Amino acid sequence: DAKTTQPPSMDCAEGRAANLPCNHSTISGNEYVYWYRQIHSQGPQYIIHGLKNNETNEMASLIITEDRKSSTLILPHATLRDTAVYYCIVRAGGRASGSRLTFGEGTQLTVNP
Amino acid sequence: DAGVIQSPRHEVTEMGQEVTLRCKPISGHDYLFWYRQTMMRGLELLIYFNNNVPIDDSGMPEDRFSAKMPNASFSTLKIQPSEPRDSAVYFCASTTVLGTQYFGPGTRLLVL
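Protein chains in written order, with my numbering: chain X, 1 to 113; chain C, 114 to 225.
In case anyone wonders, no lab produced these hints; they're calculated from the structure.
Keep in mind it's a predicted model, so treat the numbers as computed, not measured.
Hints are not guaranteed to be accurate.
Unchecked claim - Chain X is nowhere near these chain C residues, computed Cβ spacing over 10 Å in every case:
1) Glu131
2) Glu175
3) Ala185
4) Phe187
5) Ser200
Stated by the list, open to error - Covered by chain X, according to a simulated footprint, are these stretches of chain C (three or more residues, beta-carbon under 8 Å):
6) 156-170
7) 212-218
Each residue gets a CB set at the ideal place from its N, CA and C atoms; glycine is no exception.
The following block holds chain X by itself, in its conformation from the complex:
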């Protein structure tokens, strides 16, 4: 699986949009971009994933650049409960991958009142 690079920490004001970047310059054609988050002391929680098109769900939006070498997770209206470590993960598609995930160090997002 391709390696990802994320800033170690970011701050965001409550109510504002939080934009979390991720670089995955070595991503290959069949690899998906996944985002998980981990709120302190809890298990990681799935947020969103995409292959090449932008995606949106009730939690967030995922913007993937046209060359797929980077992506941005957007939390449109951050709340204090969004304070967590956010992981960007590249995962191969298909059965051979076994659905495994490799977690990096992630970005600690702190939402301030």
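Once you have looked at the hints, place chain C on chain X.
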């Protein structure tokens, strides 16, 4: 669905004792993963199963660690004998192929 269930939630034991962690995956999920999280090493995959068969155990730190999945609804991770450096949070996760991994709440293990 109750999600992935892990037990116990907390375990404190003394060095040399056997520790058994338990996991019940989400019904219908045919992949099960065991992870360990520490401050030093982050979240690392130990082993995963597909249809109850271990597929990749390359992350298991040493022979003191073993994992089994006797049926589709139950898995154990055993440490024997335990050592202080095994202190960590152990997570279990399950999914279907190409699906989203759902994580349990974790077991906090402290080995004194």
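Outcome of the hint check:
1. Glu131: The assertion about Glu131 (chain C) holds, with a minimum of 24 Å to chain X.
2. Glu175: Per Cβ check, Glu175 (chain C) is outside 10 Å of chain X; nearest 21 Å; holds.
3. Ala185: Non-interface label stands for Ala185 (chain C): nearest chain X Cβ at 16 Å, farther than 10 Å.
4. Phe187: With a cut-off of 10 Å, Phe187 (chain C) remains clear of chain X, as the shortest Cβ separation is near 18 Å.
5. Ser200: The claim holds: Ser200 (chain C) sits with its nearest Cβ about 15 Å from chain X, beyond 10 Å.
6. 156-170: holds (count 7)
7. 212-218: holds (count 7)
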